[in-house]
Amino acid sequence: MTGADILIRCLQDERIELIFGYPGGAALHIYDALYRQDKIKHILVRHEQGAAHAADGYARSTGKPGVVLVTSGPGVTNTVTGIATAYMDSIPMVIITAQVSSNLIGDDAFQEVDTVGITRPCVKHNFLVKEVGELALAMKKAFYIATSGRPGPVVVDVPKDVTNQSAAYHYPQRINMRSYQPSRKGHRKQMARGVELLLKAERPMIYTGGGAVLGEAQKPLRELVELLGFPCTSTLMGLGAIAASDRHFLGMLGMHGTYESNMAMHECDVMLVVGARFDDRVTGELEKFSPNARIVQIDIDPSSIGKNVAVEIPIVGNCNEVLAQMASMVAARCDEIQRTAVAQWWQQIERWKALKSLDYASSDEVIKPQYVVQKMMEVTAGEAFVTSDVGQHQMWAAQYYGFEQPRRWINSGGLGTMGFGLPAAIGVQLAHPQATVACITGDASIIMCIQELSTCKQYDLPLKIISLNNRYMGMVRQWQEFFYDRRYSHSYMDALPDFIALAESFGHVGMRVEQPGEVDKVLREAFAIKDRLVFVDVITDPTENVYPMIAAGKGHHEMHLNPGQGDDAERELA
Amino acid sequence: MKRTIISLLLENESGALSRVAGLFSARGYNIESLTVAPTDDDSLSRMTIVTDGSDSIIEQITKQLNKLIEVVKLIDLTEGEHIARELMLVKVVAANNDQREEVKRLNDIFRGRIIDVTDSTYTLEMTGTSAKVEAFMDTLAKIEIVEVVRSGISGIGRGKRALKI
Numbered sequence: 001m002t003g004a005d006i007l008i009r010c011l012q013d014e015r016i017e018l019i020f021g022y023p024g025g026a027a028l029h030i031y032d033a034l035y036r037q038d039k040i041k042h043i044l045v046r047h048e049q050g051a052a053h054a055a056d057g058y059a060r061s062t063g064k065p066g067v068v069l070v071t072s073g074p075g076v077t078n079t080v081t082g083i084a085t086a087y088m089d090s091i092p093m094v095i096i097t098a099q100v101s102s103n104l105i106g107d108d109a110f111q112e113v114d115t116v117g118i119t120r121p122c123v124k125h126n127f128l129v130k131e132v133g134e135l136a137l138a139m140k141k142a143f144y145i146a147t148s149g150r151p152g153p154v155v156v157d158v159p160k161d162v163t164n165q166s167a168a169y170h171y172p173q174r175i176n177m178r179s180y181q182p183s184r185k186g187h188r189k190q191m192a193r194g195v196e197l198l199l200k201a202e203r204p205m206i207y208t209g210g211g212a213v214l215g216e217a218q219k220p221l222r223e224l225v226e227l228l229g230f231p232c233t234s235t236l237m238g239l240g241a242i243a244a245s246d247r248h249f250l251g252m253l254g255m256h257g258t259y260e261s262n263m264a265m266h267e268c269d270v271m272l273v274v275g276a277r278f279d280d281r282v283t284g285e286l287e288k289f290s291p292n293a294r295i296v297q298i299d300i301d302p303s304s305i306g307k308n309v310a311v312e313i314p315i316v317g318n319c320n321e322v323l324a325q326m327a328s329m330v331a332a333r334c335d336e337i338q339r340t341a342v343a344q345w346w347q348q349i350e351r352w353k354a355l356k357s358l359d360y361a362s363s364d365e366v367i368k369p370q371y372v373v374q375k376m377m378e379v380t381a382g383e384a385f386v387t388s389d390v391g392q393h394q395m396w397a398a399q400y401y402g403f404e405q406p407r408r409w410i411n412s413g414g415l416g417t418m419g420f421g422l423p424a425a426i427g428v429q430l431a432h433p434q435a436t437v438a439c440i441t442g443d444a445s446i447i448m449c450i451q452e453l454s455t456c457k458q459y460d461l462p463l464k465i466i467s468l469n470n471r472y473m474g475m476v477r478q479w480q481e482f483f484y485d486r487r488y489s490h491s492y493m494d495a496l497p498d499f500i501a502l503a504e505s506f507g508h509v510g511m512r513v514e515q516p517g518e519v520d521k522v523l524r525e526a527f528a529i530k531d532r533l534v535f536v537d538v539i540t541d542p543t544e545n546v547y548p549m550i551a552a553g554k555g556h557h558e559m560h561l562n563p564g565q566g567d568d569a570e571r572e573l574a
Numbered sequence: 001m002k003r004t005i006i007s008l009l010l011e012n013e014s015g016a017l018s019r020v021a022g023l024f025s026a027r028g029y030n031i032e033s034l035t036v037a038p039t040d041d042d043s044l045s046r047m048t049i050v051t052d053g054s055d056s057i058i059e060q061i062t063k064q065l066n067k068l069i070e071v072v073k074l075i076d077l078t079e080g081e082h083i084a085r086e087l088m089l090v091k092v093v094a095a096n097n098d099q100r101e102e103v104k105r106l107n108d109i110f111r112g113r114i115i116d117v118t119d120s121t122y123t124l125e126m127t128g129t130s131a132k133v134e135a136f137m138d139t140l141a142k143i144e145i146v147e148v149v150r151s152g153i154s155g156i157g158r159g160k161r162a163l164k165i
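So the protein sequences, as listed, match chains A and B.
Per this note's numbering, the very first residue in the first sequence carries number 1; after that it's consecutive.
Per this note's numbering, the very first residue in the second sequence carries number 1; after that it's consecutive.
The set of hints was computed from the structure by calculation and includes no laboratory data.
One thing to keep in mind: the hints can contain errors.
[To be verified] Mimicking BS3-like on lysine-lysine, the simulated pairs with C-alpha atoms at most 30 Å apart in a straight line are:
1) B:67 with A:307
2) A:130 with A:141
3) A:189 with B:73
4) B:104 with B:132
[Stated by the list, open to error] Cβ-to-Cβ under 8 Å is the rule here; a few derived chain A residues that face chain B:
5) 116
6) 121
7) 125
8) 171
9) 174
10) 178
11) 179
12) 302
13) 303
14) 306
[Claimed, not checked] A short list of chain B residues far from chain A (calculated; beta carbon distances all over 10 Å):
15) 32
16) 60
17) 69
18) 97
19) 157
Ideal Cβ placement from N, Cα and C applies to all residues, glycine included.
Just chain A, same shape as in the assembly (with noise of 0.2 Å):
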């Protein structure tokens, strides 16, 4: 078999049935051998960037590894930033770089780039292959490193030539790597000790993050949350691991979460860590993070504990398998949890949560951004799979949009790449070609990878793009309002298109709003045309900014609340 051939069988080996990608000069073997199978379905993507984040999004919402296929040089620079998102929320994917023959490696030929060199801060690992017969035995522990430990993304540069040569085929059924050996059951020991601190705890707080998602920890999690009775909350990455309507769920965290969960997490003397990584628009200024907390962590990744925040006790495994076990442990302990003390501690979080820190001033005049994702959530019942970009629409999306499960909340939390939620969506879709799929996105984000409207159509995916046009980066004038004197330079959206034009012009339908009053017809409306994609540009309030919000170098417990509303008197309290 060709090099090009041994790559598409090891997918096929791997049970890979889609990939996304873009050929080129390098690539043209390996697009030659896929022409000539039939069990992978290849996406042709316009612009490599969306090759990445499409198949970001099929692994986010399915667990399974992303595959990216495209040619070398200007190929592997578009995808960098798709695998510098994945990487930095730990996705798995496997990225496939065609790269100039070996004899031309080094001499600055047509389309070379050194994938390797400049993919290596980005990627948990990559390949260079150098050998034909080496090629099969890379894929394999490709799919092995992306997938297990800490998931993310491997680069694997395959020279135009290796793909025409000739090897036999052998693709190893398991591979045991010296160097390579994650751990994924918990210390028992850490565990009872852990076990033990929680039992002890008068005011305990459970912080659960992207690892709870990706470590497909919910059962487990949500069976002690229901046993110790603890109040929780998550990060931007781990929505939807405990649901949005749970009773002991106090919101998101962080620079824009809610203020209860943010003032429990400063008062609370036993923290337990689920997966998180205590990034830094999580813990606020972290001189002032949670001073009196006693810290369990648990993450399958050694380096993330103890890297920004002192542990107590670290529990390295996998969620899943080590809250299971936590969980029998409490099972057994029931009658220990410290009731008294933890129903007060409740009563304390109970008059946090009555300053109702999400509430805005609502408008019968213009569309504020938050009834839009409030509304939409109520007309796709909750259940819809939302992709987002990134700013202030990402914040709405995830304040407002209540997610019951894990893995519909798709987003990229760690980068921040605009431009993510379209071809994201495309991933999505493609992975749930049933379920409803929406992108909130925002005026600025949306025109980032507005190509890839184009891919929606060659494939006829119905997506919902859902944007919050405020005519401004909102984010960007959010901080220069607040920080910077109201100076918003180059944050306005100067000379947009028509997008009901423009959606129509690839062959979608597109909807506009511009008042309050439309909204829930329009989102109907939208939502109910089944079989093609809607691009809804939704005109909002260019002047609301997202709160609640703690300001750089604030703590917890230090966070401005929404000015428009509630009882001034309560939030000077805040």
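Given chain A's structure and the hints, the job is docking chain B onto it.
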């Protein structure tokens, strides 16, 4: 801040060194020296890295290194009894009798070796701890150093303490 010597075994593959070096620059860790060469097992390279940082930074460095796929095993040598040595080659001006005598005398005191002689220079080889190598260099500075080459530290645990797979 604590000076730390980390010894590690990594797969003898192209690109492994740049992953280690890239990790240090990307995360802003200091490298005082880094040495790497194959071992008796030719599938493995052994690397000695000298770095410094607070306890938590050293902990992060070892965790991040362990996370690299090609790193098979590592230890912090400075956590226990160990030996660390460095090789220096130094070329000094030795153009007249006085200079040649003085260089030879100093070299004898420090138990170095003269490995190359020309009309105007001596080249000396010296092995020892970094402190000894530096003391020797300071002493020679009074004469006139033409150039200095230091290998960086190689370290090994004492007695039964060994880094092997």
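(message) For residue 104 of chain B and residue 132 of chain B, compute the direct alpha-carbon distance and say whether it is at most 30 Å.
(response) Holds, because 17 Å separates the two Cα atoms, which is no more than 30 Å.
(request) Report holds if the minimum CB distance from residue 97 of chain B to chain A is greater than 10 Å, and violated otherwise. (result) 52 Å, holds
(request) Hold the hint about residue 302 of chain A up to the distance rule: shortest CB distance to chain B must be less than 8 Å. (result) 5 Å, holds
(request) Mind checking the CB of residue 121 of chain A against every CB in chain B and telling me if the closest is under 8 Å? (result) The hint holds - residue 121 of chain A has a Cβ within 8 Å of chain B, the shortest such distance being about 5 Å.
(message) Tell me if the interface restraint on residue 116 of chain A is satisfied: Cβ within less than 8 Å of some Cβ in chain B.
(response) Residue 116 of chain A check passes; min Cβ-Cβ to chain B is 6 Å, inside 8 Å.
(request) Would you assess whether residue 69 of chain B, listed as outside the interface, keeps its beta-carbon beyond 10 Å of every beta-carbon in chain A? (result) Per Cβ check, residue 69 of chain B is inside 10 Å of chain A; nearest 4 Å; violated.
(message) Using Cβ atoms and 10 Å as the threshold, tell me whether residue 60 of chain B really stays out of contact range of chain A.
(response) 6 Å, violated
(message) Tell me if the straight-line CA distance from residue 189 of chain A to residue 73 of chain B falls inside 30 Å.
(response) 24 Å, holds
(request) Double-check residue 179 of chain A for me: the hint is only fine if its C-beta lies closer than 8 Å to a C-beta in chain B. (result) At about 4 Å, which falls below the 8 Å cut-off, the nearest Cβ of chain B leaves the hint on residue 179 of chain A intact, so it holds.
(request) With a cut-off of 30 Å on the C-alpha distance, tell me whether residue 130 of chain A and residue 141 of chain A pass. (result) Between residue 130 of chain A and residue 141 of chain A the Cα gap is close to 15 Å, so the pair holds against 30 Å.
(message) Over 10 Å from every CB of chain A: does residue 32 of chain B meet that, or does the non-interface label fail?
(response) 22 Å, holds
(request) Report holds or violated for the interface hint on residue 306 of chain A, using the least CB-CB distance to chain B and a cut-off of 8 Å. (result) At 7 Å from the nearest chain B Cβ, residue 306 of chain A passes the 8 Å test, so the hint holds.
Going down the numbered hints, you'll see the structure goes against 8, 9, 16, 17, while the others check out.
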